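**Q** Full structure from sequences and hints, please.
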Amino acid sequence: YIAVLFYKTECRKCAKALQELENIDDEADQLGIGFVKIHDEELADEYNLGALPKLVYYRNQIPIIYENELSREEDVLEWLIENKSTGDDEDIIEDVTAKTLNTLIGNVDNLVVLFYDHGDEQSMTVLEELEKIDDDCDKHGIQFVKIDDKKAAKAFGLDEVPAIVYFEKQIPNVYDGELEDENEILKWLLSRLEEDEIEDVTDEMLDSLIKEGKYLAVLFYDNNDKKSQRILEELENIDDECDEMGILFVKIDNAEEAKEYGIEKIPKLLFFENGIPTMYDGPLEDEEGLLKWMEAQKSSDEIEDITDEMLDLIIEKMDHVAVLFYDKSQKESKNILEELENIDDECDQNDIAFVKIDDDNEAKEWGIDELPTMVLYEKGVPHVYDGDLLKADELLGWLIHQKRHSEIPEITDEMKDKLIESAAHLAVIFYDKEDKQDIRVLNELENIDDELEKEDIVIVRIDNAEEAKEYGLDHLPALVYFEEKIPSVYPGDLMNEDEVLEWLLLQKETASIEEVTDEILQELIDEHEYVVVYFTGPCESGERCDNFLEDLENIDDELDEAGIIFVRTEDVAMAKKYSIRNLPQVVLFRNKEPVLYKGGEDEDEVLTWLTDENTLEIPGRIEEVNVKMLEKILGENDHIVVFFYEEGDKKSQKIINELENIDDECEEKDIDFVKTSDDDIQEEYDLPSLPCLVFYRHKFRTIYTGNLMKEDEILEWVLDLHGSPPDEIETVDRKTLQVLINEVEHLAVFFYDDKCTSCPGILEELETIDDDTDKHGIQFVKSSDAKLAHEIGIFSFPALVYYETGVPIMYDGNLKNENRVLQWLIDQKNDGCFYVGLGQSGTAKKGSNYVPHEYRPFQCCPTKLERSIKVPKMSAAKIGHESKKNSGGSFKFGSPTPKSDTKSTTKPKTQTPPKPVPAPITKNSRKDVDDDKNDKNDKKKGKEPRPSTKQA
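Counting in the working numbering, the sequence shown runs from -10 upward without gaps.
Simulated from the structure, these hints should not be mistaken for laboratory data.
None of the values given here were measured: they were computed from a predicted structure.
The calculated lysine-lysine pairs, modelled on DSS-like cross-linking and capped at a C-alpha distance of 27 Å, are:
| id | residue 1 | residue 2 |
| --- | --- | --- |
| 1 | 587 | 565 |
| 2 | 200 | 143 |
| 3 | 5 | 26 |
| 4 | 497 | 621 |
| 5 | 281 | 158 |
| 6 | 121 | 139 |
| 7 | 353 | 323 |
Restraint-style ranges between C-beta atoms, simulated for each label pair:
| id | residue 1 | residue 2 | range |
| --- | --- | --- | --- |
| 8 | 481 | 335 | 41 to 47 Å |
| 9 | 58 | 396 | 35 to 41 Å |
| 10 | 335 | 433 | 32 to 38 Å |
| 11 | 386 | 327 | 15 to 21 Å |
| 12 | 144 | 166 | 19 to 25 Å |
| 13 | 213 | 296 | 22 to 28 Å |
| 14 | 213 | 192 | 17 to 23 Å |
Ideal Cβ positions, reconstructed from N, Cα and C, are used throughout, including at glycine.
**A** Quick look at the structure:
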């Protein structure tokens, strides 16, 4: 046991704390606690201690930080005694913070971490079990800690707690067994110590390792691929040699993550040095050759050459990246490279990644016309170096200066376009570097750069008068704020930086209808499918036009959610251009065509009109919609045909011309027909290729596989699907499945794999109960989405999961027996369990797990309702109480309807947090012991397990 006071010299607070703590040094000695002091600020930073002084108590290498006032020595002594006695008398797993955890991962070779939630009953039960094996872990040199921090769990790809992660030399390994069986956990941990294998990691864990580790080798593989398995067996032979060389070696089975690095074929190996990836192009079967290559990479001082995909990924994931855009065949580039190799190590020491790329197209995308050029990316924002690249020391000084000091970077117009796409909040100063007044304005705005960075607002500058004119900016300097690609021009005095800061923060924090110039308005109309414009004409505060504007502000969020842009303008000339004579006027531009609103000045009436299908629909044409609108359409309509295509593709345009011939016939059958070409739409909707035609029926999709140029065959296909009842369990894509999980109360999902040999036979049997599940109000679907399955802890196929109000419950019986499956699903739906009320935690009022005033919901699983139950302030609605004979007592509580303000000039922006994917609860089913379909020949072996209660 040792207590360490971290302090710094010339610090009054440190000196006072030191003076007080000298008074308890003797008492600490008597307790057997060593008391020392150290003034090493670098070591304090390494341990993430924050501001000094700090007292850290180390018990069996685990640091515990004292968080209270150090000047009160009696409290400090009491704290030391309390921590020592708990360490002596009880098997307590230490609680740590996220910062301490990161330090432990970096310094302890064998570390087990329980990610838990103090307010969760299962977490506390698991904790009680694990404290029984804490001593056994200590005996084998395994340190055990726990952390109650959702963000920390999320950083390691853990969507649900409790969860156990074992770190061996920083490499994480998630335990996927039974969490309440401490003996199995101990056995697993000891097997980790003995086994010599390359650890599997999640994509989040990989990101963490890349960020923290100096040298890292990553094998991207497919667990179901024979070649991957063969290569993995070979590479296990060099795992120890990599350890000796200080190279972490991990593997990951994630095709999407591989694609992010530009890897099309797996298995493939990437070597990371300080976060910079290098692809191995040699044969992976030759482990000795690979080992020599990694050794050469580790000892080489060369600046790493990367691909365009890798560059995008590094810029996204690393805070400071210096990139040399060069031409390897150019003499000047070669000479500069020779010079810059001399500062590569210094960049590493200053946490600046240094890479080079020989790709003319990538350079042009960033507006770089001359090679070589140096660009420093700071949190994704580019800074172009305009000095002499042959003077390496000057460049190094500039790089370090840019990292340490906040300055508004100069960018090109192409860089601006990229930032508009990637930055959530962007402020752009258009100026003339030759104008003295512009430079003065720039100097004033440098004063608010730090405040904007804290608010995640990126600010950049651009010297390009032609680009400014595209936004209708005739006078410079000018400031334009972009949010979700929509620009707003600052109307005030740029020399008053406080007002500029206040305006920018207001733009970020409130939802308002932006005023735009005529050039910006024209660009919005040209580039977006649906734009609503409020033409006010000259409008003063308090006038009719201004009062209506205040009302319209109340529907801005709703239109945004529907994917409809809402802006305003006073420009009379723009109104005349579209023959708009009576102002004020609300106009919907529908695929560039204006449609005038003719109702009253009531915001609800405007909203109803704007979101009505008849308003949005263009007769005789297939409507172009964005992703937000498509989601809304799929959620609200039963039958939809969607044509997914790539913008600018000539073949797609020809197909659209053909498809428009059958739009009216589809409309007659109440089938909506839309098209979409948004960026990343193929990945978003998990489509095999583009163009692609899909028919959705009640959110379930069928992809058309015929000739897209034959509209008659397509029409016949659509009408057949529309008229015929589904005769099989519907296949759903990832996006649709997520919607169903969130919206459907009773949902059964059969997860399968295309490589699974038993899946087709099981599916065939389950098809026979599809109608029965429908009768009982249970929707049955199937999915081959391995990534979603992995997220809820399913790694082997086939698997059946029942979702009730979004909570997954795993079926652990025999899937070949469809009758058992049906009965199990019906039982889950009718068991009637729910949570109600609050009570003191069931944990005994003693031991380390007791938390005073800790209250948790009671779980009720009633079997019979004798009389009606009244619950104050909540409405109870019966669900399955059909008859006295079959009364299961299932009911639910309705949520009270919140009141909303109808009048507000500006509204705070609301963000809906993403719903976490819950881990499935395994519900014991009655076992079909001989693993066949026949129930009658099952031998009864002991008592059947009692079904576990459902979690809501």
